[in-house]
Structure formats: structure tokens, C-alpha cells
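> Residue-level listing of the chains:
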Amino acid sequence: MSKVPVYLITGFLGSGKTTLIKRLIDNNTGTSRMAVVQNEFAPSNFDGQELKRQTTKHFDLLEINNGSVFCVCLLSGFIQSFSKFIHEVNPEVVFLEASGLSDPISIGEVFNSKELQESVFLAGSVCVVDASGFLKFEKFQQRMVHQVQIANQVIINKIDLVDNCEQVLQKIHQINPQSKKYTSNYCEINMEELLAITNPMNTSQPAYNISAEDIGRPDIKSAVFKTTKAIKEENVNRFLQAIMPQMIRLKGYILLDSGRSLAVQIVNNRLQSDHIDKSIRQTEIIAMGISMSVSDIKTAYLQNI
Amino acid sequence: MKGIELIKKAFALQNVERVPWVPFVGCHGGHLINVTASEFLKSSDLIFKGVSKAVEIYKPDGIPVLFDLQVEAEALGCRLVWSDDNPPAVVSHVLLEGKTLSDLSVPSSTDGRIGIAIDAAKKLRKEFPDIALYGLITGPYTLALHLLGTDIFMKMLEAPEEILALLDFTKEVGKAMAGYYIDAGCDIIAVVDPMTSQIDPDSFEMFVHEPAKEIFDFIRAKGKLSSFFVCGHAQQNIEAMCATHPDNISIDENIPLDFVRDIALKNEISFGGNLKLTVVLLMGTPEDARREAMECLDLGGKIGFVLAPGCDLPKDTPPENIKAITELVNDEYLQQVERAKEKSETEIALLNMKDYGRVNKVIVDIITLDSESCAPCQYMVEAVKRVAPHFEGIVVWREHAIKKMEAVTFMNSLLVKNIPTICIDGKIAFVSKIPPQNELIAAIQQRINEKFKLIISSRRAEVLILGKNDAECKEAREAVELAMKETGKHISLKTSTDSAMKATFGVVNTPAIILTEHKIKARGEVPSVDIIKEWLKDI
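Note that the protein sequences, when read in sequence, are chains A and B. Sequence positions in the first sequence follow my numbering and run 4 to 308. Sequence positions in the second sequence follow my numbering and run 1182 to 1720.
If we strip away everything but chain A, and leave its shape as in the complex, we get (with noise of 0.2 Å):
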């Protein structure tokens, strides 16, 4: 079997993220192979049940009931029912719409065991953001900050409700210089534009049409690493050339010596890497690669400390 695809999609509460997912299934043409994942109980009444019904596609739905993913501790119940989930449904992308609590960066690391290994990659993140409540949320709102930075793609949603969303828009440049940004209403957007940095090949085709062959290949693998060990700037260079063969994507931030943080990002081969102002305190890199793992990144660090 090829490995399947899993798309992260967070955002705080009631920021869009089924309506994306919604979105996302409506907009394929490719399979009709799709399954969502959701690992809260909505108390809202847009929860997986609602998504059947508002869809006229077919997906396979998974619902952890596990209330809010508090921290690690209950990933490991996770990891069993997806797993079962993915060779039962046996879907060719999977869209896992994390919690609104939940820490982004763990749900990745989640991808690192080897259960899910043999099975799903982590192909990517997708942040959706309420462009009206957002400001208002981000100064004492953590998590919300953490899900926009680890983000491929954020979405600025509901701008209809505020008059200006440079402001919004700013911020979550300087929280994560490297993400693709747009603005929407209902998360309209053109979803071509979003699956086609979402592919993990990087074809100008949306993921989910690629055969299973191209983005399946057995090897293919994703991988989160974290360290508190600070790395010299002068060696983040040395360290990214030395894992880039592997790589097909490569995100994260890197902890330097002096302390501040540095936004890392490998797209196509090209390696971009930019200050950003506030520390993130740790390295944290999600990487998707080809005959790959934690232990590669690793080594390479520890080599360039």
C-alpha cells in the first residue's frame, strides 16, 4: 500500500477549519478516496456528522472522542485508531482537523512513530485564523500563536467582519515570514492555488490527483524533530545542505546561540531562512522527506552544534 498524505488543518475555535475541510472535499475532482479525521467533540453544531450532510462527495470520517488533546498524554490513543482507520478505509488523503486547543507540533510528532510511519506521511499544515477575532485572541492566546507558526499556508478568514485585515495580515507575517497567506470569506479561495503547494511534489497539480505512485512512494516519509540544543549560526547552513538531498520540505525554526530563533524553510531544492523577532525558545523542524528520518535530522544537528 502507498502512503497516505495527511493534511493538518488548525485554527483556534470556531476560526473555519470544517468549513475549509468542507471546502477541500467539494473541490476535489481527483478521488474519491477522502477521509477526515477529527479529534474534538464539536460542541458546535458544525461537527463531522453536519460535514456528511452538507457535502454531496462521499468521505470516511473519523471522529476521536477524546475531548480536547489537553498535551501528549493522550495522543496514544490516537495513534491506535488512526491507524486502524487508515488500513480499514484505506483513503488516499486524509484531512486531520486538530482541535482548537491542541499543540500543533505534538499531533506532528505523533507522525514520527513507527505505526503511523508505514502508512501516512504528515504532507503539510494548513492554519485558518479569524481575521476579527484574532488580534484580540493572539495576545493571550498561546496556541493560537503556535499553530499560525508551524503553518504552511494560513488562511485570514471572515474578513467581511473587520474593515482592514493588513493589520492581521502583518502579524502573522512576523510570526511566520515564511507562510503563504490569503484572505477569505467562508474560506473561499481558489483551492487549486492551496492543494498545489499542499502536493507534496510540488506539480502544479492539486495533491489528492497525483496517482498514488508519484506521492506514494514507499519511502516517502515525514518527520518532526526537537531540541533545545541552540545551533551556531554560522552551522545552520552547514546543517541544512548536509539533510537538503533527503528533503522534499522542510519547515521549522532553529534555535541559534544567541538566542534568537531563525524561520527555516527547503521548498524545491531552495533553502530560505529569515530572523524573526520573537524566540521560540527550542528548535522545531517538520520535514517531509525521501528515505528519511528523525535520526538523520538529529545526526546532522548534533554534528553542526
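Hints are not guaranteed to be accurate.
Below, computed lysine-lysine pairings styled on PhoX-like, alpha-carbon distance capped at 20 Å [unchecked claim]: (1) Lys1542(B) x Lys1634(B); (2) Lys174(A) x Lys142(A); (3) Lys1336(B) x Lys139(A); (4) Lys1700(B) x Lys1718(B); (5) Lys1542(B) x Lys142(A); (6) Lys1608(B) x Lys1632(B).
Simulated from the structure, these hints should not be mistaken for lab results.
Position chain B relative to chain A; hints supplied.
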């Protein structure tokens, strides 16, 4: 020293001879006695049995009675959904279902499952008087979130006074719970408030500071110790947490341990954590767990540090992983081994050991830390020393003390993971345990037999007879041929009267008989210099 005393010393920021170890066994206790999480968390007998089992196999210095942050919410009327593998989840929020704050009252010690928890605490206290018993209570902010749901975030902005009143109530619940656990005999009350990781320091100060501080003051007034547990990305709040005056702060893998250490010690507060739960303890191997624990021990240091997982152990955590940490904590020497291995981690060029041991003798390698300073290593070396003379020169033994880098390379090349280890001809034979004399002899003998087979099957030889003239050669040739006949050997035989040939071999007096043996040592590759050296030593 008793576990409880060790923990008290750490909490008092005194230097400890060994870092105290507190595995947070929650529903993992159910795994240890083969019951589901929901069975486990609903029965004081099962909690007692599961935690007792954990004490037996993990030898902790302290342990929680119950790790379930839903107990108070359930007693206050929130609905739970139970799971076999996890603690239950709160699925209804009582303040969103028609009730107001004034309808709620502080639960008694018998409401909901509180009685079960208290009963289990009493039993555990009686059974284990020497270890620190942790009573875990739901922190005021997390309990408020259970009661009100995620509306709390909006209301913190729009109606802060309502949230302040709510936290005033959850604080009273916390104090009551702390009192119940203290009366049941707990030594340490841990206020577990994971949801505070969601908010910033200003909101923490505004909403959480007072309630948390009052709970800690209450615990202190009762003469007991306190800890503030948080999980998730809560770096931003560590200072603010210290300002509430707990005796200890415990964190998970999302916060760098050295970061918390520096802030906590500056505030004269002890700290604990932060073994990685999912990636290492649940999914990793005992080897991973040891390495992770070593990293924590080195970061934490011996002043004010308590080694613990970041949070509740996942139910199905392999007990071997936790036992590996217990071993490490209690064994200074294992820690040294772990450190030596860590040093070598930044990939060293490994030797190709494919042909190692293909010499006539049997090579016994003992990988040690250093037999002069480490008792188990010393015994293992002595065991080999005693046995070697039985084989009268066939067995060569060497010690590789991994305090030297080349020994580390050698160890990694042989894929040896534990110290001390005995390898026979490059194959791991005895790990950690000192073999009894007869077992060691048998293992070496077996290798000799194998080798003997190899020698027989790979022999290629040639006899060369050098003489002045044919007659001289003939006499020698007949003697050799007779010898071959009488031994059953058949070896190709050549004669030569060429004087250049005699010069090559340095033969002056004839006749001379030269036996040449050919052995294939490597096929299709160039072996490493070290291996070739091993062969050369035999010549």
C-alpha cells in the same frame, strides 16, 4: 535513604546523593494489572493494586495516587465519556447546561469518585509509609474550563468578573480536594493545571495567580509540600507560576528543562520533569528511555530536581522502558556508561567487523567502562581471566574500556549496547550478566568447534621440495608421499632444483621441505586496516 526524605531534600534545594524519581503512573497502573482505564479509575481496590505493582517494579521515591483531571468536574455534574485506554474526557460543561455558579457547591469527600481516590490514598499510605505520596488535584483554571467549556476564552475578554468569580469557586474546590488528600496521608499536593499553557502571563496573573497562590498557601499551612504541574507550551508562564509560591514546578517535554531549571532555582523553587512521553517512553526502547533519562538527569542536576515523566504515563507504556529508567537512576555507574555512549553519538566511522575473529585463535573481547573502577566490569574480566588458561593459548582476551574513544568505536562496531559485555570472536555472547565458569567455557568451546570446521573446510596447501638434484628431491618426495598416505591427506606436491628458488626461501642446506598454506581472508572487498592487523598478529 527513604524516598520521601530524598524528595523532601530535593524540594528543600539540598544537594542529593541521587536524584529522586517519580513516575507518574495514572491509568498505566491499569495496564500493569491488566484492566482497562475505566475499570481502573473507578475502583479504589484496582488503583491500590495497580499503584502497588508500579511501586514494586519501578521502585519510585514518590508516586501519585490517581492521575485523573476529571474527578472534580464529574463530581460537579459534568458528563464524562470513558475510554479503555485513556482517562475519561469531559463532554458536557455544567455551566452551559442551565446551571449557574451559585447552583454549584464544593464537593464533599465522598461525591463522585472523590471517595475512591481518598480511599486509595489511605490504603497506599498504610502500605508504603516510606515513599512520597502525591495527591493530584485539578488546577483552578483547568477545572474552570471543564465547567464552562471553551467559552471561557471569550469571557476572559468580555466578562472578566464572571471568570474571576468562577476561579474563586474552583480555588475553593482545589483547597477542599487538597485537604481531603492531606487528611488521607498524602505528602505532596500537586496542582495540575495544563490548560494554563493556553494563556499568556498577563492573563495568568489576572486570573490564575491569586487562586493558585491561595491553594499553595493552604497546603503550606497544613505542613505539606506542593507542586505545580503544567503541560504543553507554557514557557511564557514559568515566572508567573513561580510567583504563586509552590514548592516545586513540574513540566513536560514542550518546555526545555534547563530553561525551567534556571528560572525555578533563581526563585528558590525545586523543579521536575520532563521525560518525553510519547516519542520515547511509549514508542521508544529501553535504550531510548535510558538515554532520555540521562539527558534529563544531566540537565536537572542534583539540586532541586525530581526526575519524572512530563505528564501521566500513557496506559500502554512498555514497563521495560520505565524499569530502564529506574535502573539508571539507582546506578551511578550505568549513568557513566550512558554518558560515555552519548559522547560517541555524533557518528563515528565504524569498523567493518564482518571478518572479525577469523584468526586461528579465539578472541574474547570484554567491553567495560573500566575494570579498575567498576565492580561488574571487574568481575566479568576476572571470569574471563580465570577461564582462558583452560584453553592453553587458544584463547586470547582483551579488555576494551570505553573511557577511551577507540574502545567506543570498537563497541559500536560490534553493535554492543550494554556494559559490560563479552564478545567471542566478535559476536555478543554475554550481556551485563557475569557468566558462570561452565557457561563461559561452553561458549568458547562451541566457537572453537565452529572454527575448527571452518579451518578444515577452507584449507588449501602446497608442499614444495627443494634439492640439489633429482635424487635428493626424490628421497624427500617419497617421505612426504608416504606421510600423506598414512595421514589420508592429499596435498599438491612440487619439486625444484632451481637455485634461484632456493635463494627466494633462503634455503642453504638441502633437501628442504616447504609447506605453504593459503587462506582466503577477504573476498570481493578491501577489509579495514584494523582487521588486516588482526590477521597479521597471527603470523
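> Broken hints, numbered, in rising order?
5
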